[in-house]
Structure formats: structure tokens, C-alpha cells
Amino acid sequence: MDRSAQKLEVDRNYDAFMRMLASILDTHEGEYALMRNRKVVEFFDSPRAANVAGTERFSDGVYSIQEVTDEPIDLGFWSNVAAY
Amino acid sequence: MSQRIECRHEGLRVTVPVLILNPSPSTSFDGVQGRALLDTGSTTTGITTRLAHQLGLVARGKKPIGSAQGEGQAERYLFRVGLHGEGKTPTLPYVFDDVIGFELVNSFRFEALIGMDVISQCNLEMTRNGICTLEFG
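Residue numbers (numbering that gives the first Met the number 0), protein chains in the order written: chain D, 0 to 83; chain A, 0 to 136.
Any given hint might turn out to be false.
[Said to hold, decoys possible] Some chain D residues flagged as far from chain A (calculated, every beta-carbon gap over 12 angstroms):
hint : residue
1    : D1
2    : R2
3    : A21
4    : D25
5    : H27
[As the list claims (entries may be wrong)] Quick list of simulated restraints, FRET-style, between CB atoms:
hint : chain 1 : residue 1 : chain 2 : residue 2 : range
6    : A       : E124      : D       : D69       : 31 to 41 angstroms
7    : A       : G136      : D       : D44       : 14 to 24 angstroms
8    : D       : K38       : A       : E134      : 35 to 45 angstroms
9    : D       : R2        : A       : T90       : 13 to 23 angstroms
10   : A       : S23       : D       : L7        : 15 to 25 angstroms
By construction, these hints were calculated from the structure, which means they are not laboratory data. For clarity, every value in this text was computed on a predicted model and none was experimentally measured. All C-beta atoms in this analysis are idealised placements derived from N, C-alpha and C, irrespective of residue type, glycine included.
Make the full structure from the sequences, and use the hints.
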């Protein structure tokens, strides 16, 4: 797999995903979007199912998976530490 | 059948032996061994960049991340988490379904951080005399 192409794909798809998130959140919250070329190919119930589909459909291995949620990752034990 | 393992309770933190595996082939137990911090305050599981490179993982997505330094974006990797007993009670690893976790900096003192996406699939018991057990499966 071309790692630089994959990185670019992740960045581009993330940008497109954040733009469309508000419109898909109600109907697909908690699902995983398989993305290619800035478009959602299909929604899946688990990251595993999305990854299996991505591997099967895209022989070059270039695709991304986005969790449909508007909650950021909360890092618990170190996210609330005040840095000086 | 459920599996029960004893964790190391080091006073201020609980750590477990962990096996991080590639998402596929799903039948493979070849992975990287390490130690993971159990963090009930973290929503998501993470692995260090070094470990991700050792496994040859590629970033599959991104997600906003909040920290004391402000908002940012975390790279997300797909991997499997295996937990197993050690010491007097070694067991074969129990491997959870794939998680889409985030990337930790290499200066993080453990190889992985187990967040609530995995812990919520377990029974976690901790006593004040240092005994901590995790039951899953």
C-alpha cells in the first residue's frame, strides 16, 4: 500500500466527513462510515465490518473509516491536567 | 465461557498485560506484547506510535481530541486487544472485537491505554488491599 496516498486519503475524507457530519448524525450515529474519494461508500455497525468491506472493495488498500459521532475523544487521566 | 484475570494494582494505577494484534487475519495471535494502563476516564483505547509501527498499522481515520493543550485531531488505527493472565495464573489471551483506537505519544509510559470502549465489556473489581480482577468473555 502507498502510505502517503493513504495518509492523504484519511485527511481528505476527514475534511469531507466533518462537513457532512451534521446531516448524517441523526440517522447514522454510532455507526462507522467507510469512505473513499471524500464520499461515504456505506455505513456499518462495527469498525471490523467496515474494514473487511474496505479490504474487499479497494485492492489498493486506500480508504478510511470514520465513526459517526460528534463527541471528541476524552483522554481522562491527562486531559484535565493544567500544564505550566 | 468467561475468563478472569488478576491485574497489577500499583496503588495509584491499575495495569494489565496486553497483546495488541493486527485486525486481520482475525485467527492470528501474532502481535506485540506490552503493558496497558486501565483508564476508566478515557473514552477510547490507544496505542503508542512505536507499537503501531511495529505492527505495520496505517491510520484509518481521525477524530477530534480534547486535552489540556486544547482541541486537536488524533490519528485512529484499527487493531485488536487481547488480555491475558500472567504470573501464577497465565492464560491464553482473550481477544476483543476490533477497536478503532487512537495514537499515543511514545513518551507514554505504557504500550497501550485501555479505555472505556473495552473496559465496558468487562467486570472490573478492585479492593483496597491491592487485589484487582477483570472478568470478560
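Hint check results:
Residue placement check: D1 (chain D) does not keep its beta carbon more than 12 angstroms from all beta carbons of chain A (closest about 10 angstroms). Not every Cβ of chain A is farther than 12 angstroms from the Cβ of R2 (chain D); the closest lies at roughly 6 angstroms, contradicting the non-interface assignment. In this structure A21 (chain D) is separated from chain A by more than 12 angstroms, as the shortest Cβ-Cβ distance comes to about 14 angstroms. Distance check for D25 (chain D) against chain A: the nearest CB is about 19 angstroms away, which clears 12 angstroms, and the non-interface claim stands.
Every C-beta of chain A lies more than 12 angstroms from that of H27 (chain D), the closest at about 15 angstroms, which supports listing it as non-interface. The beta-carbon spacing between E124 (chain A) and D69 (chain D), approximately 33 angstroms, falls within the hinted interval of 31 to 41 angstroms. At about 21 angstroms, the beta-carbon gap between G136 (chain A) and D44 (chain D) stays in the expected band of 14 to 24 angstroms. Roughly 42 angstroms separates the CB atoms of K38 (chain D) and E134 (chain A), a value that falls within the hinted 35 to 45 angstroms.
At roughly 36 angstroms, the beta carbons of R2 (chain D) and T90 (chain A) sit outside the given window of 13 to 23 angstroms. Against the hinted window of 15 to 25 angstroms, the Cβ-Cβ separation of S23 (chain A) and L7 (chain D) comes to about 23 angstroms, which satisfies the hint.
Violated hints, listed in ascending order, are 1, 2, 9; each of the other numbered hints is respected by the structure.
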